[in-house]
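Novice: Sequences are here, hints too, so could you generate the full structure?
Heads up: the sequence shown at position 9 corresponds to 1326 in my numbering, and the numbers run straight through without jumps.
Keep in mind that the hints were calculated from the coordinates and are not lab data.
Be aware that one or more of the hints could be misleading.
[As the list claims (entries may be wrong)] Ranges between beta-carbon positions, derived for each pair:
id : residue 1 : residue 2 : range
1  : P1364     : N1323     : 12 to 20 Å
2  : L1370     : M1328     : 13 to 21 Å
3  : D1367     : R1334     : 30 to 38 Å
4  : R1333     : K1369     : 26 to 34 Å
5  : S1368     : S1332     : 34 to 42 Å
6  : F1357     : S1331     : 17 to 25 Å
Using N, Cα and C, we set each Cβ at its ideal position, and we do this for glycine too.
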Amino acid sequence: IGDTWNKAIRMIDSSRRSISTICGPEHDVDLDHICSLDYFGSRLYIPLWDSKLVVLKREPTSTD
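Specialist: So this is what it looks like as structure tokens:
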């Protein structure tokens, strides 16, 4: 979820009933102008209104 008010990207885990921040100010990433999110090839693409593109790579976990 793009949380534009707090300049962050949140992830909802319904099995754990939790919401966590996966990217934002505490990660030294400026997300002032989130316009959409797209997930493809284990990467989260976050295009911003000011023509920048942030790409987050998913790290494998022990359950993958």
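Novice: Please list, smallest to largest, the hint numbers that this structure does not respect.
Specialist: none
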